[in-house]
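Participant: Given the coordinates of chain F, assemble chain B onto it according to the supplied hints.
Spelled out from the first residue to the last, the chains are:
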Amino acid sequence: MKRRLLLATAAALMALPAATFAQGMDKVKACFIYVGPVGDGGWTFQHDQARKALIEEFGDRVDASTYQESVPEGADAERVLTQMALSGCNIIFATSFGYMDAVNNVAAKFPNVKFEHATGYRRDHANVSTYDARFYEGRAVTGTIAGMMTKSDKIGYIGSYPIPENIQGINAAYLAAKKVNPDVTISVVWAYSWFDPAKEADAARALIEQGVDVILQHTDSTAPLAEAAKTEGVIGFGQASDMAEFKPSPRVASIIDNWAPYYIERVGELLDGTYEQGATWAGIAGGEVQIGEITDAVPADVKAEAEKVRDAIASGELHPFTGPLNKQDGTEWLADGETPDDADLAGMNFFVEGITGQIPN
Amino acid sequence: MDIGGINFVTLLSTLIVASVPILLAALGELVVEKSGTLNLGVEGMMIVGAVTGFVAAVSTGNPFLGFVAGAAAGAAMAGIFAVLTQVLLANQVASGLALTLFGLGLSSLIGQGWNGIRPPVTGDVPLGPLAEIPVLGPIVFSHDWMVYLSFAMVFAIGWYLKSTRGGLILRAVGESHAAAHALGYKVRRIRVLALLFGGAMAGCGGAYVSLVRVPQWTDGITSGAGWIALAIVVFASWKPWRVLLGAWLFGGISVLQLNLQAAGSRIPVEYLSMSPYVITILVLVLISSGRGRTMGAPADLGRTFHTSQ
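Protein sequences, first through last, are from chains F and B. 1 is the number of the first residue of the first sequence in full-length UniProt numbering; add one for each residue after it. 1 is the number of the first residue of the second sequence in full-length UniProt numbering; add one for each residue after it.
So that you can see chain F by itself, here it is in the shape it has in the complex (with noise of 0.2 Å):
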């Protein structure tokens, strides 16, 4: 910690990249832990597909050969955390919220392996670093499409747990489709898993029978989109993967995480020992939310407007959050013009005006 931090300053006062005076390594072990199966075709995959890409970027410099699949988020992930760490990785990639307390206990242990917790905000030990995407800019373009195609005015949002990454979404969603059609509405309902392919199936069938005829989902697994194929009509989108099997109805556009960027970004900066602990939390700009291919069951006017939401978000001239905007209780959030800053959105826990269902706690 001490050392670290000594580092940090001198070389912040003598204006020289850290490398100078930090080691590189000849090869690196990057390890994955997942919290579903790489063939989740959603945000396991996603990240796998990720890894493949560090074995393709570095080659023999790295051996990203080691992930496990499926590793429920509690005591089992502190066992897989430490029998990578005591098994040589050098760094390891933890994909899921629910690892955060496991990531942070194991950290304190193996100060020399470099943990990485995606979505998460605890950084207790030195060799923690987070990243994130801000997936709710994704969600602003997809809000835009749904309030626009929607025939009945209903939106449906399959939300996995009530958390801000996800509130965040409902919210950007929800504006993003006002936006386009004052008459919107949005029914939400928790699945409680980020994925229970049978649950979600049943969830999507009950949105569906609420009359809802767009779909959006914050869960991983395509079952919403199958579901979504039985009635005519109904579109949904892929979520963290394309999920281009589902094209070009009922999946009309995605949500697609990139993670490739950051991993390559971080294993090359061990590579090269300019590794610093970080926190990450890029958006569309950076290339991390990707929005997949608009189909052509999407009018040529909404594919542009979407299109249009997508590069002004990318360019910084639009924020999926933008003021005057209030609470769902009435009580004023953002002012006119005014945006919410990182710690604001991070911590969010209240639906916006005009949403009427209730955040369970």
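Calculated from the structure, these hints are not laboratory results. Careful: at least some of the hints might be erroneous.
[As the list claims (entries may be wrong)] Derived lysine to any residue pairs resembling SDA-like cross-links, with alpha carbons at most 25 Å apart:
hint: 1; chain 1: F; residue 1: Lys230; chain 2: B; residue 2: Ser59
hint: 2; chain 1: F; residue 1: Lys154; chain 2: B; residue 2: Leu260
hint: 3; chain 1: F; residue 1: Lys178; chain 2: B; residue 2: Pro129
hint: 4; chain 1: F; residue 1: Lys327; chain 2: B; residue 2: Ala263
hint: 5; chain 1: F; residue 1: Lys154; chain 2: B; residue 2: Ser59
hint: 6; chain 1: F; residue 1: Lys154; chain 2: B; residue 2: Asp144
hint: 7; chain 1: F; residue 1: Lys247; chain 2: B; residue 2: Val58
hint: 8; chain 1: F; residue 1: Lys230; chain 2: B; residue 2: Val121
hint: 9; chain 1: F; residue 1: Lys230; chain 2: B; residue 2: Phe8
hint: 10; chain 1: F; residue 1: Lys154; chain 2: B; residue 2: Phe8
hint: 11; chain 1: B; residue 1: Lys239; chain 2: B; residue 2: Ser308
hint: 12; chain 1: F; residue 1: Lys230; chain 2: B; residue 2: Lys239
hint: 13; chain 1: F; residue 1: Lys230; chain 2: B; residue 2: Glu132
hint: 14; chain 1: F; residue 1: Lys179; chain 2: B; residue 2: Ala263
hint: 15; chain 1: F; residue 1: Lys154; chain 2: B; residue 2: Pro138
hint: 16; chain 1: F; residue 1: Lys178; chain 2: F; residue 2: Gly330
Facilitator: Below, chain B without anything else, positioned relative to chain F:
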């Protein structure tokens, strides 16, 4: 027909479909338990049936063959259990639990590389004008053939157990294997056959999950349906008709809680999610309070049989 923002007709129609897997598995387990064996491996047999059925249906492009393969796989799993408990006289509870763990691992192994594939569609039965009848049409006449098969199985099993010689012998074996043995019935053979039937039913239920309800293959796709099936058999006090009721209740409540959320209801969903289990516990309390015989639990359920005893 809207109650609390929920359309009752579509809700009933959905819950009928949602309850098919647990109904099939529970009916199979009912026959197994009636013969005097307790097979706790229902979840394992279901999930192996789910993955085998999925692989078979995708490879052949024929959902019917998928269900046949699922049933065969479930029966094969039950066969392992039968060898363990009827031939080697292993402990039934432990063997059943082991069967579930084995099934979960095996299905995950078989399923490698089958993720993210869409299975062939199991079509609805073309009942034509019947499906157009208001209220009744969508509830009763607009499902796939497995739904009707599961209803038929309720009738068939109820009739078989109650009104046939075979059913009488099966129940006799479950009530008192010593007496049945003394009368010259092949206790072990009858129990093995019941186990194979139960496995086939569980496998079929599993295949329904991966081919119709979700439809895709992922690890752990049955997510506890087998355990619910076991609970339903107890809840139903070993009667086929009540199994149907229990399956609707358990399946219906899981569907209802999602519908309530979608409709924006403010009832905390946790109450609904736990209510079937509360009812099961109450039923279990009733049974264990000495009224077990009237509740219908076979007297020799779970007891190991050997001719030397």
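Participant: Tell me the numbers of any earlier hints that the structure contravenes, in ascending order.
Facilitator: When the structure is compared with the hints, numbers 3, 5, 6, 11, 12 turn out to be violated.
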